[in-house]
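Enquirer: Required output: the full structure, derived from the provided sequences and hints.
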Amino acid sequence: MVIDYTTQGTCSTHIKVEVENGIVKNAHYTGGCNGNLQGICALVKGMPVEEVIARLEGIRCGEKPTSCPDQLCKALRSMKP
Numbered sequence: 001m002v003i004d005y006t007t008q009g010t011c012s013t014h015i016k017v018e019v020e021n022g023i024v025k026n027a028h029y030t031g032g033c034n035g036n037l038q039g040i041c042a043l044v045k046g047m048p049v050e051e052v053i054a055r056l057e058g059i060r061c062g063e064k065p066t067s068c069p070d071q072l073c074k075a076l077r078s079m080k081p
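Using full-length UniProt numbering, the final residue of the sequence shown is 81, and nothing's skipped along the way.
It is possible that some hints are incorrect.
DSSO-like mimics (lysine-lysine), calculated; alpha carbons at most 30 Å apart, straight line [to be verified]:
#1 45 x 25
#2 74 x 45
#3 74 x 25
#4 74 x 64
#5 64 x 16
#6 16 x 74
#7 16 x 45
#8 64 x 25
#9 64 x 45
Rather than coming from a laboratory, the hints here were simulated on the basis of the structure.
Expert: Below you can see the structure in the form of structure tokens.
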């Protein structure tokens, strides 16, 4: 399954995530802090969706109520019924 998610409240504008059998196979951000987002994508690759959510959900960017990692969790949650 491929998730195309439009982010809200972050410098990145879009996330594309590929999930297969509950495992993140690939992730790519559009916009945002390129080096940091490449690092996040490399770290979550091969990780179970539930573990990504457990580790990254709720992370904030400065005074913002969300962050690029938190938006990834929102994207992953959007695939659940």
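Enquirer: State for each hint whether it applies.
Expert: Hints, one by one, checked against the model:
| no. | hint | result |
| --- | --- | --- |
| 1 | 45 x 25 | holds (5 Å) |
| 2 | 74 x 45 | holds (17 Å) |
| 3 | 74 x 25 | holds (17 Å) |
| 4 | 74 x 64 | holds (15 Å) |
| 5 | 64 x 16 | holds (22 Å) |
| 6 | 16 x 74 | holds (12 Å) |
| 7 | 16 x 45 | holds (13 Å) |
| 8 | 64 x 25 | holds (28 Å) |
| 9 | 64 x 45 | holds (26 Å) |
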